[in-house]
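Asks: What follows is each chain in one-letter form.
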Amino acid sequence: MSQRSSAENTLRYSKVVERYAHFFGRPEVRLRFLNNTLALQTTCAARLDEWLERHPAVKRSKLYEKHYERLLDLLLYRLIVQEINKYLPTSARERLQVLRQHRAPRIARLYFGFYQARHAFHAAGLALVALCLFGLYSAVVFSAHQVNGYLARRYGKANQTSAPAPGVVYAATSTSYLPDYKPEKVWLVERKDNYERYSNGGRISTEYETDNHARAYSVLPRGDASAQPPGELRHDPVGIVYHASESDLVTFTADNNESIEAHTRGLLQYVQRNRSYNYVIDRFGQIYRIVRDEQAANHAGNSVWADKQGVYLGLNESFLGVCFETQTDAHDEQLTEAQLVAGRLLTQILRSRYQIDDADCTGHGLVSVNPDNMRVCYHRDWARGFPFAALGLSDKYQVQPAAISDFGFTYDNEIVAQLGGAMWPGAEAALAAVNQRAAAANLRPEDLRRQMRERYRQQLELSRRLRAAAPEQRPVGGAPDRPPAPHA
Amino acid sequence: MEERNQEKNQQPATKIEQPLAKSGAIGLDIGTSRIVVADSADGKNARRELNAFVAVPASDMIENVLKQKQMVYERNCKQIYVYGNDSDFLASFMNVDARRPMRDGLLNPQETHSQHIMQLIVQRLVPRARRNEVLYFSVPGKGEGVNGKLVYHQAVLKNFLSSLGYNAKPLNEGQAVVFSELQDENFTGIGVSFGGGMCNVSVSFMSMPMITFSIPKGGDYIDRNVTEVLGEANTTKVRLEKEENLDLSRPPKDDLSRALHIYYEDVLQTLMDSLRAEFRASSQLPKIDRPMPVVLAGGTARPAGFLQKFEQVLVAGGEFPIEISDVRMAKDPLSATAHGCYIAAMSETK
Chain W
279 MSQRSSAENT LRYSKVVERY AHFFGRPEVR LRFLNNTLAL QTTCAARLDE WLERHPAVKR
339 SKLYEKHYER LLDLLLYRLI VQEINKYLPT SARERLQVLR QHRAPRIARL YFGFYQARHA
399 FHAAGLALVA LCLFGLYSAV VFSAHQVNGY LARRYGKANQ TSAPAPGVVY AATSTSYLPD
459 YKPEKVWLVE RKDNYERYSN GGRISTEYET DNHARAYSVL PRGDASAQPP GELRHDPVGI
519 VYHASESDLV TFTADNNESI EAHTRGLLQY VQRNRSYNYV IDRFGQIYRI VRDEQAANHA
579 GNSVWADKQG VYLGLNESFL GVCFETQTDA HDEQLTEAQL VAGRLLTQIL RSRYQIDDAD
639 CTGHGLVSVN PDNMRVCYHR DWARGFPFAA LGLSDKYQVQ PAAISDFGFT YDNEIVAQLG
699 GAMWPGAEAA LAAVNQRAAA ANLRPEDLRR QMRERYRQQL ELSRRLRAAA PEQRPVGGAP
759 DRPPAPHA
Chain F
4 MEERNQEKNQ QPATKIEQPL AKSGAIGLDI GTSRIVVADS ADGKNARREL NAFVAVPASD
64 MIENVLKQKQ MVYERNCKQI YVYGNDSDFL ASFMNVDARR PMRDGLLNPQ ETHSQHIMQL
124 IVQRLVPRAR RNEVLYFSVP GKGEGVNGKL VYHQAVLKNF LSSLGYNAKP LNEGQAVVFS
184 ELQDENFTGI GVSFGGGMCN VSVSFMSMPM ITFSIPKGGD YIDRNVTEVL GEANTTKVRL
244 EKEENLDLSR PPKDDLSRAL HIYYEDVLQT LMDSLRAEFR ASSQLPKIDR PMPVVLAGGT
304 ARPAGFLQKF EQVLVAGGEF PIEISDVRMA KDPLSATAHG CYIAAMSETK
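So the protein lines, in turn, are chains W and F.
Residue numbers for the first sequence follow the working numbering, so the first one is 279 and each next one is one higher.
Residue numbers for the second sequence follow the working numbering, so the first one is 4 and each next one is one higher.
There could be a bad hint or two in this list.
Example chain F residues on the side facing chain W (calculated, C-beta under 7 Å, incomplete) [claimed, not checked]:
(1) Met209
(2) Asn237
(3) Met275
(4) Ile346
(5) Ser350
Quick look at which bits of chain W chain F covers, simulated, 3 or more residues with Cβ under 8 Å [as the list claims (entries may be wrong)]:
(6) 289-295
(7) 300-307
(8) 707-715
Keep in mind that the hints were calculated from the coordinates and are not lab data.
Beta carbons are placed, not taken as given, at the ideal position from N, Cα and C, and that holds for glycine.
Produce the complete structure using the sequences and hints provided.
Replies: Written out as structure tokens, the structure reads:
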């Protein structure tokens with residue numbers, strides 16, 4: 279221990295204080311300075327010791343041994359300067375005179391000079407700190423630009439926004455893509471009897487897995503169907519449609535665990551029986567595969583979506599159906615934190631496995647149509663409020679739906695009211711674009727839409743014919759359209 | 004006892020109307036032979052009164068004489084007390100020794116009127132306080148036969164001075180000498196006050212007293228013993244010789260001066276022995292890395308050659324526990340203690 283005895287400390291303090299006592303010519307002021315400074319220093323040292331007693335770890339450290347006396351010296355200098363400032367004359371000239379007249383050591387005068395100029399030092403220090411911060415900020419920004427450039431060069435494909443196909447009219451607002459998504463890096467790690475585990479941490483339960491008929495669909499060209507032949511029959515899923523189960527929910531609290539799980543089991547059994555979705559994500563974030571990926575589930579019978587490759591009608595065949603156990607009009611929460619995480623992981627897995635483009639991940643409410651009255655949004659789940667960003671996807675509410683822009687579907691006031699007073703921006707933009715096109719073609723919008731609806735029927739018929747002709751189609755059963763919302 | 008009972012019913016013969024003090028601190032040296040007040044920075048205006056009195060039987064004739072001589076006195080039904088500086092004249096006139104309210108540096112237990120007389124003398128010197136001004140008064144250091152009595156002495160004086168409206172605080176006599184004389188050394192050195200009743204010593208480092216003590220030998224000890232060995236009736240002759248003719252730097256020329264030399268040397272030797280012993284016994288002394296000055300003050304240090312005598316005794320004793328830079332006499336030995344008390348009081352006055 280480097281701590282000295284109190285007598286030695288007193289001697290040391292006294293020597294320091296003594297140098298500054300020469301500033302004071304009057305004996306009583308000098309005496310006051312000496313007494314006050316030494317008494318205050320003793321108090322400070324006692325307080326410091328008391329604090330060290332309360333923090334024995336500090337006292338045991340090497341830092342203490344090394345710097346204890348320096349700290350005391352600093353305290354002493356602070357006290358000295360405070361006391362000097364208290365007793366010296368207030369005017370600068372008189373102070374200077376005192377400093378010259380008395381035999382104060384040069385170092386004492388220098389120290390006092392520093393104290394007098396402390397405000398200037400403070401300002402300079404602040405300026406220096408500001409300069410350092412600015413420099414640091416500039417360096418960080420520069421580095422970020424460099425890293426961004428590197429990532430852009432390396433993952434340019436993933437970061438680029440898909441170019442719209444010819445004839446597809448997207449909304450003016452561009453969709454953004456999250457650059458951290460790297461689908462090619464997710465792989466299957468482990469497959470057991472009742473679950474699969476993936477490299478991104480995703481875990482898919484296969485407990486409720488079942489069969490349906492194999493996928494078979496063709497991508498229809500956008501524009502005039504008679505002018506371009508349909509593409510060949512395809513079997514791989516091209517996109518994901520997100521659904522909400524709209525089933526009964528119990529309050530999401532710990533004491534309801536059993537009820538929550540009972541509801542989930544009822545839902546899973548219903549979905550399995552009806553082959554309603556390819557995947558279900560329960561409220562605890564558990565992912566269940568129901569209908570195998572290569573087989574169509576009955577989740578989006580009458581539905582339309584388009585991407586740069588073409589138009590998809592009846593998305594059961596071409597899109598995977600992922601259902602969240604929730605109600606989209608629930609007041610307090612729509613998805614639990616666990617569901618968000620699981621949804622993001624499942625999206626990564628599916629996009630990685632099937633190279634699904636971000637442009638083909640959408641909500642059921644955005645694709646569902648009613649051919650009887652030619653209205654969009656027949657099913658309204660996720661027609662608003664789907665957390666695309668949280669799932670690593672761009673905002674599809676900005677995309678103009680092909681049902682309106684290509685096939686003349688519309689919406690009415692009832693639908694608008696059900697969606698809370700406004701359609702999603704893409705739907706409004708698509709309707710406005712159709713009206714502009716009608717005006718440009720010198721047609722009434724209704725006439726243009728009639729032509730577009732006729733084309734829809736032709737495309738739908740063509741699509742059905744192609745699917746019916748598919749040799750490997752293996753119907754297992756199930757309804758042609760999505761079943762009504764289950765009530766577990 | 005009879006006298007005491009009578010005096011319980013005494014009425015003050017004169018009522019002292021005390022003026023109020025100037026606003027400021029006060030230093031008060033309450034010594035065995037003198038009481039000195041300092042209330043200015045230069046110390047030139049120090050006021051002194053002998054701490055003595057002479058009692059004479061009360062009579063109108065004597066009182067008229069005292070009035071004519073404008074002497075300060077107090078009368079009760081039995082006695083007239085002449086006190087302060089006038090007591091010296093009356094004692095010489097009557098060829099008696101003046102009585103002392105204090106003895107050996109403390110209140111004199113053999114004088115029943117000691118407190119009252121001292122209060123009268125102090126009241127002549129110290130006006131009433133205006134705003135609880137700080138007043139430092141000197142007290143002796145601990146020493147042989149002092150320790151228990153010092154508490155009483157200090158408490159009595161403090162109570163009395165507080166009753167005058169002061170924030171009264173005691174200060175060691177030797178330390179007061181340091182404050183008065185060792186400013187340039189930042190109050191580091193040895194202050195010795197040679198008083199009438201005792202000698203007080205303080206070893207101070209940066210205004211902090213490291214060692215303080217007293218020895219029960221002083222001017223009165225010298226006077227009393229010289230008077231006894233020479234068979235004098237009272238101390239007047241010895242005191243006059245000591246104050247007016249004694250030169251300690253020259254060889255004694257008669258029995259009286261020889262006796263004075265002997266007893267002065269005895270006092271100094273006792274002091275030096277005690278100082279060495281205190282240094283040896285003290286375990287809390289910091290390692291003082293510079294020579295310390297010694298400053299001498301007090302009435303007993305006034306005779307010519309005292310400084311040389313002190314240095315002789317110091318050198319004769321061999322190596323001293325600390326290095327001494329120089330030995331010096333206070334600028335005004337009689338008021339140095341009061342001036343030191345004044346500096347201490349001023350240091351606490353904002």
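Asks: Does each hint fit the structure? Answer for all of them.
Replies: Results for each hint:
1. Met209: Result: holds, 4 Å to nearest chain W Cβ.
2. Asn237: Status violated, d = 41 Å.
3. Met275: violated (25 Å)
4. Ile346: Result: holds, 5 Å to nearest chain W Cβ.
5. Ser350: Since chain W brings a Cβ to about 4 Å from Ser350 (chain F), closer than 7 Å, the hint holds.
6. 289-295: Three-residue rule met by the stretch 289-295 of chain W, so holds; n is 3.
7. 300-307: holds (count 4)
8. 707-715: violated (count 0)
When each numbered hint is compared with the structure, violations occur for hints 2, 3, 8.
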